[in-house]
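Taking the hints as your guide, dock the two standalone chains into a single complex.
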Amino acid sequence: MSSYQKRSKDELAARVAHDIHDGAYVNLGIGMPTLVANHIPAGREVILHSENGILGMGAVPAAGQEDFDLINAGKQPVTLLPGGAYFHHADSFAMMRGGHIDICVLGAFQVSSTGDLANWSTGEPGAIPAVGGAMDLATGARQTWVMMDLLTRQGASKVVEHCTYPLTGMACVKRIYTELATLQCTPAGLKLIDKVEGLGHAELEKLVGLTIAA
Amino acid sequence: MINKIALSVGNALAGVKDGSTVLIGGFGTAGNPTELIDGLIAQGAKDLTVVNNNAGNGETGLAALLKTGRVRKLICSFPRQADSHVFDALYRSGRIELELVPQGNLAERLRAAGAGIGAFFCPTAYGTELARGKETREINGRHCVLEYPIHGDVALVKAERGDRWGNLIYHKSARNFGPVMATAAKHTVATVHEIVELGALDPEAIVTPGIHVSCIVRIERVATQAGGIKVSA
Numbered sequence: 001m002s003s004y005q006k007r008s009k010d011e012l013a014a015r016v017a018h019d020i021h022d023g024a025y026v027n028l029g030i031g032m033p034t035l036v037a038n039h040i041p042a043g044r045e046v047i048l049h050s051e052n053g054i055l056g057m058g059a060v061p062a063a064g065q066e067d068f069d070l071i072n073a074g075k076q077p078v079t080l081l082p083g084g085a086y087f088h089h090a091d092s093f094a095m096m097r098g099g100h101i102d103i104c105v106l107g108a109f110q111v112s113s114t115g116d117l118a119n120w121s122t123g124e125p126g127a128i129p130a131v132g133g134a135m136d137l138a139t140g141a142r143q144t145w146v147m148m149d150l151l152t153r154q155g156a157s158k159v160v161e162h163c164t165y166p167l168t169g170m171a172c173v174k175r176i177y178t179e180l181a182t183l184q185c186t187p188a189g190l191k192l193i194d195k196v197e198g199l200g201h202a203e204l205e206k207l208v209g210l211t212i213a214a
Numbered sequence: 001m002i003n004k005i006a007l008s009v010g011n012a013l014a015g016v017k018d019g020s021t022v023l024i025g026g027f028g029t030a031g032n033p034t035e036l037i038d039g040l041i042a043q044g045a046k047d048l049t050v051v052n053n054n055a056g057n058g059e060t061g062l063a064a065l066l067k068t069g070r071v072r073k074l075i076c077s078f079p080r081q082a083d084s085h086v087f088d089a090l091y092r093s094g095r096i097e098l099e100l101v102p103q104g105n106l107a108e109r110l111r112a113a114g115a116g117i118g119a120f121f122c123p124t125a126y127g128t129e130l131a132r133g134k135e136t137r138e139i140n141g142r143h144c145v146l147e148y149p150i151h152g153d154v155a156l157v158k159a160e161r162g163d164r165w166g167n168l169i170y171h172k173s174a175r176n177f178g179p180v181m182a183t184a185a186k187h188t189v190a191t192v193h194e195i196v197e198l199g200a201l202d203p204e205a206i207v208t209p210g211i212h213v214s215c216i217v218r219i220e221r222v223a224t225q226a227g228g229i230k231v232s233a
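Chains as they are written, first to last, in this note's numbering: chain A, 1 to 214; chain B, 1 to 233.
Hints may contain errors.
[Unchecked claim] Only pairs whose alpha carbons sit at most 30 Å apart, straight line, appear in this in silico DSSO-like list of lysine-lysine:
no. : chain 1 : residue 1 : chain 2 : residue 2
1   : A       : K9        : A       : K174
2   : A       : K158      : A       : K6
3   : A       : K158      : B       : K230
4   : A       : K206      : A       : K6
5   : A       : K158      : A       : K9
6   : B       : K46       : B       : K186
7   : B       : K230      : A       : K9
8   : B       : K230      : B       : K134
9   : B       : K134      : A       : K174
By construction, these hints were calculated from the structure, which means they are not laboratory data.
Chain B on its own, in the form it takes in the complex (with noise of 0.2 Å):
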């Protein structure tokens, strides 16, 4: 019997190595999942790259495993927010190396890497300093910058309802990075608000197929806090 439901998060991140790349879903602070941050920095892996679309809000989640010192590298689309002084204060001090990657080229080389995709050429980016040194080719009259997939050995993602197979459904825009990083990791653990019987979720409405779940966990259900905004005391 398939059973993908992890008693805690501990038992679920308990495989993962130092030196790991670890794919974090979210966008600011919606689809950011906390509670496996958290089981992450009790874990204890360091020497991690981390891929996520910032760089961490306040001194939680994100932020806070930053704090750590565990991540050598952070691989993001944009890192400067209203409340990223974590991250601002390590990469200011050579604590942190940052690839920063235009965010259509993120989801696409997770995308790829999920896919089974070798790279791939895109027009984003080309003739600016993002494309600098990489291998470019003019297709169909258009010049394209070739781009290799971002292959993840965890993901961690923020999904609402769930089944013992992993089938998962998301919330609003909460779903962004999710369901692409699921894809692109070989080990992709889940928070999800509720599980469900085989069945219940609408088969016509399955966003990430279980196949693209290692395990699932149950946590409470805690109102998103705001994030990467300037919020008015």
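Bound-form chain A, shown alone (with noise of 0.2 Å):
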């Protein structure tokens, strides 16, 4: 067994946001994809889009100077950078799903290795199903990248050949950037794009259980 350090989570964060071009409009799921807006490198424009109505999203606010009629996706006060703007739903998802927004960035159960995504449901009996605009900017968005960890709690690999959770979107996934890997998905199947150091190609494989092609 090899010796290699894990990404953490703000490294995980920077190498995604390594990847966000000067310019690029983009879209941060809930959860561990927000964590990208803190490490936009130095230089670099980049404009957030918010589902409920925002482009030019900015950080939190100070306390005390929240408002909770100026609130993210996940329904946490934001503000908003000069410049920025409002506007209403219809108009909103017409960005995602017309193509107009360059990166959206999500969580996942599961991605498959051709780019089926699975993020909304674990398909449980009894669970409240809930999808929000997970499908709409799965499908929408010029290119959907997914952050997550490669390896469940209990060591089984979240990069899948098949998703067995309910799909959000299918071939929509183009590349899985994780603790240990950056992967492309293809129709052929994955391509590997970078691994943390000391991490063999082999050893990678064998995590994943699937072919990865160097």
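Here it is as structure tokens:
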């Protein structure tokens, strides 16, 4: 067993942010993807979209300055940057569905090697289903990236040949950013973009349980 | 003379019938027309179909309406939240029907209703459980699902400022579903915090033109409370 260091959550967020180009319009999903906003490299101007009608979303407000009429998709208070804009829901989702959002970064339960995404339901009986904007984003953004842990707590790979959880979208994920490696989903299967230092290719394939083209 | 200013919430909601489809604006608590929902509870209409992005927060507003048992069906995109216990209990005991709709389809189906569109094809949800049984078609190489409009009998909308013609502007991200729901209902009621003279709203910045609004009611400004998230005590 070789020795390697997993990417921390912040290192993973920085890895995602590194690939976001200057001038990009980006939607960050609820949860881990929101960390990406803290790591946009200096000198790049990136405009954040929030599904509830915001472009140019800014940082969390200072304590005492919260306005719950200005919230993000996770319903947490945010701010608006100078130049930012508000618009209604049909316009907001037209931005996603019309292919105007360059990149969306989403969390996931499972991603298949060809880019099928499962991130809205674990299909448990009795669970209350909720989908929000996940299907619109996954299918509508020009590029859908997933940011997640590669392995579950039990050590099972969340990158799979076929998703067993209910699908959010088919063949919609372009890249998967994880604590161990960055992978590309293609119609022919997975392709390696990068991996953490010290982790062998064969070892990564063993963890994922799938062939990964170098 | 046109005067869409209603003197009270009760007057504005007097005509709501049993069995109505009620479009209720808001994303979590932002833009949720709490005063109008309270008015609807007092008015007493039952057997309602309610359209909202969520399924109520805490015990007030939409949650309070659901608790009365007068909502037969909820059409929404994201019912499950940290504080949606009223809906959760109704759903688990089979006392409310849920139509789960991807949020973009919810917005676009409302838009389609307001714009007179018969139906539309869209790639969202293709190949997923939420498109099961729906008509599909391949258009320009993309698989699409047929979606129908959602028409409202009544829309309840929270705005910021309005005039006697019913022109409206909104407040920050509390705008959300308000403008599109206003177009999709036969009878749209909006609350505002301020009623201004005709001409006082910048015509370049009016978000909902009065043609989509039946009446407006002025309410006191109360700070919007957090909703949908875990809040430490």
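Restraint check for K9(A) with K174(A), where alpha carbons must lie at most 30 Å apart: 20 Å, holds
Going straight from one Cα to the other, do K230(B) and K9(A) come out at no more than 30 Å? With a Cα-Cα distance of about 22 Å, the restraint between K230(B) and K9(A) holds, given a limit of 30 Å.
Does the alpha-carbon distance linking K158(A) and K230(B) stay inside the 30 Å limit? Roughly 27 Å separates the two Cα atoms, so the pair holds.
Between the alpha carbons of K46(B) and K186(B), is the straight-line distance 30 Å or under? Given pair K46(B), K186(B) holds - Cα atoms ~18 Å apart, limit 30 Å.
Need the status of pair K206(A), K6(A): alpha-carbon distance at most 30 Å? With Cα atoms ~16 Å apart, K206(A) and K6(A) stay inside 30 Å; holds.
K134(B) and K174(A): Cα distance at most 30 Å? Distance ~27 Å between K134(B) and K174(A) Cα, so the pair holds.
Next pair to validate is K158(A) with K9(A); report whether the Cα-Cα distance is within 30 Å. Cα-Cα ~17 Å, so holds.
Is K158(A) close enough to K6(A), meaning Cα to Cα at most 30 Å? Holds. K158(A) to K6(A) sits at ~16 Å (cutoff 30 Å).
Next pair to validate is K230(B) with K134(B); report whether the Cα-Cα distance is within 30 Å. 36 Å, violated
Hint 8 alone, counting from the list given before, is not met by this structure.
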